[in-house]
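A.B. asks: Model the full assembly from the supplied sequences, consistent with the hints where possible.
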Amino acid sequence: PRHWARYGRNYYTRHDYEECDGAQCKAMMKRLAAMAAGDEALPDTVADGQVKLEAVDEFSYTDPVDGSVATKQGVRCLFEGGARAVFRLSGTGSV
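If you count the sequence shown from 1, position 49 lands on 49 in the working numbering, and the numbers rise without skipping.
Worth flagging that the hints you see were computed from the coordinates, not collected in a lab. Note that this is a predicted model, so its numbers are computed, not measured. Take these hints with a grain of salt, some might be off.
Said to hold, decoys possible - Straight-line alpha carbon distances no greater than 20 Å define the calculated SDA-like cross-link-like pairs of lysine to any residue that follow:
#, residue 1, residue 2
1, K72, A27
2, K72, A34
3, K52, F79
4, K52, A41
5, K30, R88
6, K52, G82
7, K72, R14
8, K52, R84
9, K52, M28
10, K52, E80
11, K52, L32
12, K26, R76
13, K52, A33
Said to hold, decoys possible - DEER-style ranges, computed between Cβ atoms:
#, residue 1, residue 2, range
14, G81, A23, 29 to 37 Å
15, R84, Y17, 16 to 24 Å
16, D39, D66, 32 to 40 Å
Glycine included, C-beta positions come from ideal geometry on N, C-alpha and C.
C.D. replies: Right under this line is the structure:
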């Protein structure tokens, strides 16, 4: 309850896409990685102009218990208002 009082509610959803064209998925990830590296400009908005994309970066995670860091966890897109999306290829599917 203290977390919600301080930060508000958290919403999480996961979408797994199966049987996608591997070449197109890799091309999308390559473009997102180029944005994260600063080699490609960010679009002003996404979702038909409804959402402002503020930043793209390589996502890493620091474990709060042991302090270990997991790098290259996907490409994170940060949107106006604090929303985010993380994209990554599974490696366990058909891609």
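A.B. asks: Confirm or reject each hint.
C.D. replies: Status of the hints after comparison with the structure:
no.	hint	result
1	K72 - A27	17 Å, holds
2	K72 - A34	14 Å, holds
3	K52 - F79	6 Å, holds
4	K52 - A41	14 Å, holds
5	K30 - R88	11 Å, holds
6	K52 - G82	11 Å, holds
7	K72 - R14	18 Å, holds
8	K52 - R84	11 Å, holds
9	K52 - M28	19 Å, holds
10	K52 - E80	5 Å, holds
11	K52 - L32	15 Å, holds
12	K26 - R76	16 Å, holds
13	K52 - A33	18 Å, holds
14	G81 - A23: 29 to 37 Å	33 Å, holds
15	R84 - Y17: 16 to 24 Å	18 Å, holds
16	D39 - D66: 32 to 40 Å	34 Å, holds
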